[in-house]
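Model the full assembly from the supplied sequences, consistent with the hints where possible.
2 protein chains.
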Amino acid sequence: MASTDTLTAGLQEQPLSPELLRKMDAYWRAANYLSVGQIYLKDNPMLDRPLTIEDTKPRLLGHWGTTPGLNFLYVHLNRIIREREQKLMYIIGPGHGGPGLTANTYLEGSYTELYPNIERDRDGIKRLFRQFSWPYGVPSHVAPETPGSIHEGGELGYSLVHAFGAAYDNPDLVVACIVGDGESETGPLATSWHSNKFLNPITDGAVLPILHLNGYKIANPTVLARIPESELESLLRGYGYKPYFITGHEPAIMHQQMAALMDVVFDEIKAIQQHAREKNDATRPAWPMIVMRTPKGWTGPKFVDGKPVEGTWRAHQVPLADVRDTPEHLKQLEDWMRSYKPEELFDAQGTFKAEYADIAPKGELRMGMTPHANGGLLLQPLRLPDFCDYEVKFPSNGAVDVEATKVLGDYLRDVVQSNLAHSNFRVFGPDETASNRLQDIYQVSGKRWIAETEAVDENLTPTGRVMEVLSEHMCQGWLEGYLLTGRHGFFSCYEAFIHIIDSMFNQHAKWLKVTRNIPWRKPIASLNYLLSSHVWRQDHNGFSHQDPGFIDHVASKKSDIVRIYLPPDANTLLSVADHCLRSRNYVNLIIAGKQPAPVWINMDDAIRHCTVGAGIWHWASNDGGGEPDVVMACAGDVPTLETLAAVSILRQRIPELKIRVVNVVDLMCLQPDTEHPHGLPDEDFDRMFTKDKPCIFAYHGYPRLVHTLTYRRTNHDNIHVRGYKEEGTTTTPFDMCVLNDLDRFRLVLDVVLRTPSLTHLREETTQWFYSKRQDHKLYVSQYGEDMPEVRDWRWSGKAHTSASLDTGGDNA
Amino acid sequence: MASTDTLTAGLQEQPLSPELLRKMDAYWRAANYLSVGQIYLKDNPMLDRPLTIEDTKPRLLGHWGTTPGLNFLYVHLNRIIREREQKLMYIIGPGHGGPGLTANTYLEGSYTELYPNIERDRDGIKRLFRQFSWPYGVPSHVAPETPGSIHEGGELGYSLVHAFGAAYDNPDLVVACIVGDGESETGPLATSWHSNKFLNPITDGAVLPILHLNGYKIANPTVLARIPESELESLLRGYGYKPYFITGHEPAIMHQQMAALMDVVFDEIKAIQQHAREKNDATRPAWPMIVMRTPKGWTGPKFVDGKPVEGTWRAHQVPLADVRDTPEHLKQLEDWMRSYKPEELFDAQGTFKAEYADIAPKGELRMGMTPHANGGLLLQPLRLPDFCDYEVKFPSNGAVDVEATKVLGDYLRDVVQSNLAHSNFRVFGPDETASNRLQDIYQVSGKRWIAETEAVDENLTPTGRVMEVLSEHMCQGWLEGYLLTGRHGFFSCYEAFIHIIDSMFNQHAKWLKVTRNIPWRKPIASLNYLLSSHVWRQDHNGFSHQDPGFIDHVASKKSDIVRIYLPPDANTLLSVADHCLRSRNYVNLIIAGKQPAPVWINMDDAIRHCTVGAGIWHWASNDGGGEPDVVMACAGDVPTLETLAAVSILRQRIPELKIRVVNVVDLMCLQPDTEHPHGLPDEDFDRMFTKDKPCIFAYHGYPRLVHTLTYRRTNHDNIHVRGYKEEGTTTTPFDMCVLNDLDRFRLVLDVVLRTPSLTHLREETTQWFYSKRQDHKLYVSQYGEDMPEVRDWRWSGKAHTSASLDTGGDNA
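If you're matching them up, the sequences are chains D and E in order.
Per this note's numbering, residue 1 is the first one in the first sequence, and the count goes up by one each step.
Per this note's numbering, residue 1001 is the first one in the second sequence, and the count goes up by one each step.
If you're looking for bench data, these hints aren't it; they were derived computationally from the structure.
As the structure is a computational prediction, the values presented were derived from the model and not from experiment.
We put the CB at the ideal spot given by N, CA and C, even for glycine.
Possibly wrong hints are sitting among the right ones.
To be verified - Which stretches of chain D does chain E cover? Using the computed rule of at least three CB atoms under 8 Å from a CB of chain E, they are:
no.: 1; stretch: 269 to 280
no.: 2; stretch: 601 to 611
Unchecked claim - List time: in silico DSSO-like cross-link candidates among lysine-lysine, alpha-carbon distance up to 27 Å:
no.: 3; chain 1: E; residue 1: K1777; chain 2: D; residue 2: K558
no.: 4; chain 1: D; residue 1: K23; chain 2: D; residue 2: K353
no.: 5; chain 1: D; residue 1: K691; chain 2: E; residue 2: K1777
no.: 6; chain 1: E; residue 1: K1777; chain 2: D; residue 2: K42
no.: 7; chain 1: D; residue 1: K777; chain 2: E; residue 2: K1691
Encoded structure:
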């Protein structure tokens, strides 16, 4: 051990009795034995006879390198749990050490309780070995299938944010987070150390980061293992931690040192919490952490074919890759496995001996059985105010302008307030909560801040329910950790920059999909995104801030996981938000504007509209409820506005034209019901969009998605989609529509060009269109803002029928 | 100034003569004046008369907060350039300070040289003001339009990686990188400090990070501004830098201190480089850096409406937002602008006075005119070996298996070698270069590593051309910086995890699009991605590593920027790679497998095939060159293999069936030529895919993209696409195809079900299909690998015609 805070206690004390030392070492050897067995064997699990090729798997897949270190930490954390009755959960950054976690949860009994076919005997171990990295078995990484896990060991970099997300509002919990030195090179991990500036020692739990320096990635040394230890210590202190270093490889010495060190850090955590809670002092402490330097592939083969393996990158995956072709490798594997002395560890039936099994924690204190890692067990529904109380009233459709997300902010404020006592709801945003108009939340709870404050600050508090940091990665990662441990959240972000967490979204959606087939995993609250400051309103941010592609990214995932909502106004936004906050196991994507915009429908209609997902707006149509000449469909707030403005123009210019206006809130309803549970049945879709009439569809995002979703619909050849086509700059709101041919003038021309009965108007309308475009362009160039005709436009069409809304499906 | 390395020199010396101090301060005031003017004014630029509402813009868009600090640094960097003839370029992390960069490049003359309509007089300044954040003008951020910039000021977090990318292999260049304390919270920025472990002081240039602590983001304080300065210093030293702190707000004092500090850090940089170069010592030094703490909105309004503005987040954007409605605000604006004393700075014509203009650098030493920031000026074509020399020969189509990316590695090795002398080509990868089978490169150049080494290490060297770090963000950012400064690169990555840089790709693609309309921006080398370890071969990594969606993400961008290639074998991969390395101003996406797989066509055919982008494989077809009964199309290596295996089965089972095999290499050729320059003309497409025959299309990624791209094609209703449908786990290669219905048995069934002449075989084939599926499933479950029938399958079909390939377009 070396550190300027040298842990002299650890060097001098022998905290483990010889008896406990012997048992803990045996436990560790058993975990290592079971880990190796998973990687290599499909038979002869107890080495009852000499190993043969037939005992080994045809495909050797797995990661040994990190595993013995993880196993070592697990047994030491177990001691802490036993001796202190400490609630602990683990997060394994180097999650490819899957065999280790499977082995440990097996040894402690969790695995057999959740998977009864993996018994605690020879047959069970054989199945345990065989299923690993085996088709239809379990993945080689820590995965949803792994008891006690909330963190997939695939994409690297999110362990520490997940750990903090789990610890927030769990004051009695300590989350032990093993951080790999490989993943430490990723951006998300490098910034997530700063999560300590958002953790309140009074009301939150603790995170114990354990940086595991085993020195190598797949093919290279790691950066943090190859800087001077003084520099590494400076870095970690700069992040605000108090690091303790432990280095070694001799098991007996390492057991005593690690036990002593664990006592020190858990004492410190307790002391920090006691002080904070007794003195009501939320000042940020320097939380302890551990830097453990052990050889990669510790206790594994030291040399293979004359090359060093233990302690090098060659131990990363399968150190003896050729056991099926090379007799010496097979022999070396057998020697390696026998070096753990399985005959001392398991009895004649292959059952882990009671004297060792007994040192594991019991019941829910086992890390494999903590309910925190199966958040659905702990999930309490949110207390939600009646969203109808926030309805924006209006004298007539479209007569009142509001900032939709501001209205949502009123509602969210009361959601926050209603659940303050339960500490189970947080709002996340990358410095954009107020920019996205959700600032009314601050009336009841501020922004969490455990760093320094100054007199000029506003709304910063150690207890705030709003998490603001300029890192989409941290927002997403904290929220995932928070949800997976049974709480609720809401993430608002600029639309363009949510792509920063595309890959994190992928991993979370994949996790959710897999958990649907794991009976013991209980449903958790959905991950709710509000994207605002969207593509159409980047007046001064311009082209770099214009990207609606997250919709497409989300839509690529399984239909039983994802939901996409484009509420056209404030009332529909409220209805959608309420629905999302009640839902489970989904990713809900909501896109809504923050600029003043008309409210189109009242709350009764909004609820029916959102329930079905799409509807005919009779109040804006003039097809008399019969067959129209043209369907004007829209999805998204700006496209809805432009569509209704185009309808106004068309009614004036071509009064005899029968127009039907269809608005789509729930994008997934465009798909057939065979493809997505929200899909409209074909007959309802045909009734709404007709079987053969031209349909001009004004859409918020890239047009291709609407084509894809409607590909199998009867009328799809007649659906003509306008949307964002990657044109933009710093310009006026209406000019953005013009640049992308989504503007009202273009929609009018589209209708005329595509409606067979209007061929006689084509030339005239085309001329009109170009003259309008020119008027617009001249005005904008000269005055720098949109022409009054556009800016001041307001819906004044009269509804043709008394029924204001026809939601097709349920009214059909 | 405070630091444990307190810069006592700075406190004591007065390096600036009174005369130079006066001029530098005047220069700074001029830049600030022009910055404010851009945000607010469209007329009366020289304040020749009292300000009126009519002089101000109708929409006030821009960011003041960071701007005066940027302007301050610019004038001090100018002094360094002048006094030392130092080649300097700037990277502005807080890029929303666009007005400052526009102002400075105007003052130094760069702006007028590049944009002659912005003259150096009153009219020019009026246009300069008016165009800012004005429709069809210039964006409010640092952007491609800004002289001297390679870094868009939109999405935050990439300044430092861009700076390092620019500095690599530019030994005489210093890149001054202003890092915002807001962006410092992002993940990519937090890890990119570690770029110093990859910078060779002998052969690379230097990066001077200047962390600008102005304390606030849009709405919140920043983390780094609210930790104790000792902690911040510890953090930066932990990252390996030697930080100098400078804090203040009194201009005269700050000018002297900053000048002294700049002298110190540039002396240090020079000393470090001299030592390294004279002693040939590449040991990593502690590079100096600056932490500058100045008020946000420095020199702007101190209070507005009684609330503090200067030094708070309220100065972030437009501090006086209501100048058009509030006469006091208008008055305050005028006072603010007059506080810079424009009458002292500009002459009667509005021309910046010569005595001040003279202190700017001249010619290409001006930061606005450095050729490094307009990389196309410096770009030298790569020396490329003849890729045909790497052809994989075979006795018959499909008879030889190779790892395609391994063959590419041979070629890339020689590309590296051929350009070693010019130091203008690097290969980037997140610890995956060898995993992706490109390791032969190490025969000629290793992996760059300026951290500690150990005896066991292999292929690490301070001069390596391979950049490996476990951060896709750093790989992408370095490569962007490297390309934008006129060099070449190649980025290989696991397919699933390239999503980590989705958003960075967006920004780069948008940058490229905009530069196409800026005549003075010369074309740069394309950004080339090789994605391997793809969705179909994640045998042990499983579901979390399976995501082909980056193709879709790329396809959303403008057709004049993006290219997507799916070479089916090693020879086509070579042809594609050569093409990509020669191309300019594109993003090229190549997806290729690393597992042993058949080589289908020889190099002559490969070249013709890749040139057109798609072709009929006559050697695999039996339509005799006439109209087929069915088209079997494929794109991607695994889909091609399954398609040909299905063709084999069909030929055996239904010899009379006329099958045409079409392979698609260049995905964009599926689009009409009106949509994409690579698109096939409709007549060629129809000739290849027929107008009315069923087409079973086996595709690498999500099927919807093929539907989208072929949406307007005559035969699109008959195109039935199989691809990845988000099903997967840890399993065998063939089982992945089965899970996603891309397997040969399913393709056979698809053909039978969709070919009208085969209705009589439907029942029989369906039964056969289910029996094959069951055989497969049983075998895999029992043996853990694919059944021999599948594993050992090899193409043995005879070509029907002598012509082996018909590339449609050019042969038609």
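Quick one: which hint numbers does this structure break? Sort them smallest to largest. 1, 2, 5 and 7
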